[in-house]
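The lines below spell out each chain.
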Amino acid sequence: MAKPQKNFLPNAYPDPAHLRLEGLACSRGARQLFEGISQTLAPGEALALYGANGSGKTSLLRQIAGFLPVEVGTISFGDTRPPRVHFIGHADGLKNPLRVGETLAFDAALWGAPKNAIDLLPLLGLDNRGWQTVGDLSAGQRRRLALAKLCLAPRPVWLLDEPMTALDAAGQHLIDTLAGAHLAAGGILVASSHVPLGFATQTLTLGAAS
Amino acid sequence: MSVFWAICRQHAVLAWRGGHTTLAVAFLFIGVTLMPFGLGPELALLQALAPGLLWVVLIMALLTSLDRLFQADYEDGSLDQMMLMPLPLEFVVLAKLLGHYIALVLPLLLAVPLAGLLLNLAPAHLPMLLLAMLAGSPALVLLGGIGASLAVSVRRGGLLTVLLSLPFYVPVMIFGAGASRQALAGEVDETRLAILLLISLASLLAAPVAIAAALRNAVR
Amino acid sequence: MLKALENISALYANPTRFMQLAARLHAPLWALALALLAYGLFRAFQVPEDYQQGETVKIMFVHVPAAWMALFGYSFIFFASVTALIFRHPLGHVAARAAAPVGATFTLIALVTGSLWGQPMWGTWWVWDARLTSMLVLLFVYLGYIAIWQAIEEPTRAARTAALLAIVGFINVPIVKFSVDWWNTLHQPASVSRLARPALHADFLYPLLIMGVAFLALFFALTLTRMQMEILRQKLRVRRMRTNQGA
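Chains as they are written, first to last, in my numbering: chain Z, 1 to 210; chain U, 1 to 220; chain C, 1 to 247.
What the hints contain is simulated information worked out from the structure, not anything from laboratory work.
The structure presented is a predicted model; accordingly, all values stated were derived computationally and were not measured.
One or more hints might be untrue.
What the hints assert, rightly or not - Output of the computed footprint for chain U on chain C, the stretches with three or more beta carbons under 8 Å from beta carbons of chain U:
(1) 19–26
(2) 155–164
Said to hold, decoys possible - Derived pair list, reagent style SDA-like, types lysine to any residue, alpha-carbon separation capped at 20 Å:
(3) C:Lys177 - U:Phe91
(4) C:Lys58 - C:Ser75
(5) C:Lys235 - C:Ala22
(6) C:Lys58 - C:Leu205
(7) C:Lys58 - C:Gly212
(8) C:Lys177 - U:Ala194
(9) C:Lys177 - C:Ile109
(10) C:Lys58 - C:Ile210
(11) C:Lys58 - C:Thr113
(12) C:Lys58 - C:Phe42
(13) C:Lys58 - C:Phe18
(14) C:Lys235 - C:Ala31
(15) C:Lys177 - U:Leu197
(16) C:Lys177 - U:Ala202
(17) C:Lys235 - Z:Arg28
(18) C:Lys177 - U:Leu166
(19) C:Lys177 - U:Leu193
No residue lacks a Cβ here, since even glycine has one placed at the ideal position from N, Cα and C.
Only chain Z is shown next, with the shape it has when bound in the complex (with noise of 0.2 Å):
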């Protein structure tokens, strides 16, 4: 049972990338949200953003995903060509009439991942879950299965804006042992969090500078 789900976990990422931001800021509006923001990060190391409510830590990821257009400073993957990047936010962008097991054959499909993804169940700790209708999951539930594509599709660079809301303790630890294993093949990984993430090598707090 161990074996297939350590086949899911990343291990060494082909591409590995370097993040570097250098003086980025961010207005939303008439709002000034962060300025002067300078951080590198090199393979195998990790940003927790801290910071209050609307100091920017979602826009920040924004900004990193390429969603948010930047116009004062720069992000640079160290490549030229930006990295694959998976973005896992507020919204799951999970599909209520669908089952389990179609959502994670879609997603295997769509990012191109084998196609034995039903077996990925029992590491996101939703097993015999594959028959449910993803609406009647709860919402702990519904974050672990958005966590599908980090392991169906090998990506180098992962965005996750509070991976640890409405997630239980085991919910948690898997978010540890996912980013654990991301940090160890190469990965690099930016989070925003109200709580202290354990595998954060770098730490970023918005909205006390200015």
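Based on these hints, arrange chains U and C on the given structure of chain Z.
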């Protein structure tokens, strides 16, 4: 390529499971059923008006489905994921539009012959009518997608989508209903069919680019 | 903190120079527009009655320039939007937004005067004449554009979405015109299919051109005034933010 089909299939499955297919087809029949009450039950009159009425009802049924094209994805965060998929956003959009076409437009086209019988169309009239609808309906979905993508960040943007899409539907409607009317005379209207195909082709090239731009703007 | 506020004002296009220019242009432009309008209307009423249409021919002097301005207004929105998107000049967004209700109003005037002008000829208030129909669709295009600005709250997103709509809508306008013309000529006898234009000899041409220029000046005067208002509104918004943030 398998990514393309996965997106297409997921959209179609969701449209079907969400009951959107049933609703659209029901809408078509509701529209057709209301016509004789409004116009009177004279069969000759109904037949003369049938091609145009069927086009109007088809477009209305399609318009009601447009806000489901991207709105749910915007609200549940799937739109963010679409930006990161291993396929350019333009093709992701195209896959979803194809899924929408398969799940909604094809069932509507299958329902059109039956709806036509209710309006006293003879079976001989149907091939030309369906041909015109087949030629024009890709443009309807593609152009409607532009309206849907522009209104995607607006809560309850259904009516706004309809307002934005309407001007784009005028040419398709003119040539589509025109070609279908010729069906009553038993003629094949090659010119109008060619223009319909041209509009569909031009929409195929232009719409995904415009939609992708609008969606990128929506996730900012 | 101050940097952010600078960003916002850059968003609304370092408007100081524009506002200075606008303040200088404002009065002369309005004076020119009103003078031309008065002179054009005076000339129009001196035009002899048409032997077929009688007095109603004078509606033409409002209808035709209004229809010109309806098309000009949308072209203006298109070019302003392209400028805003390509050269990242936010003043383009402000100009496009300001021009939209002005253009829509000219479209509405063209529709109403067209109906009034046609009534004695057609014996009915509305005929699906090719020009009137195209104008009606154009009005929907304008309404959609205005609705986008109203529906999207976040200003930068609203601006970019509206600009995209302006561009695809602009491509659509000639296609609509072509299809409506095609549709119309096949379904109606040519004699009633368009508003009969009297031969444009000098008696008609000059008042018409004067009215055209007057409407153009009016369009720019209205648009300029609305742009000034919009920029002032944004300044006010930023000032309120500043007080709220206590900086």
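Checked against the structure, which of the hints given earlier come out wrong? 1, 3, 4, 13 and 14
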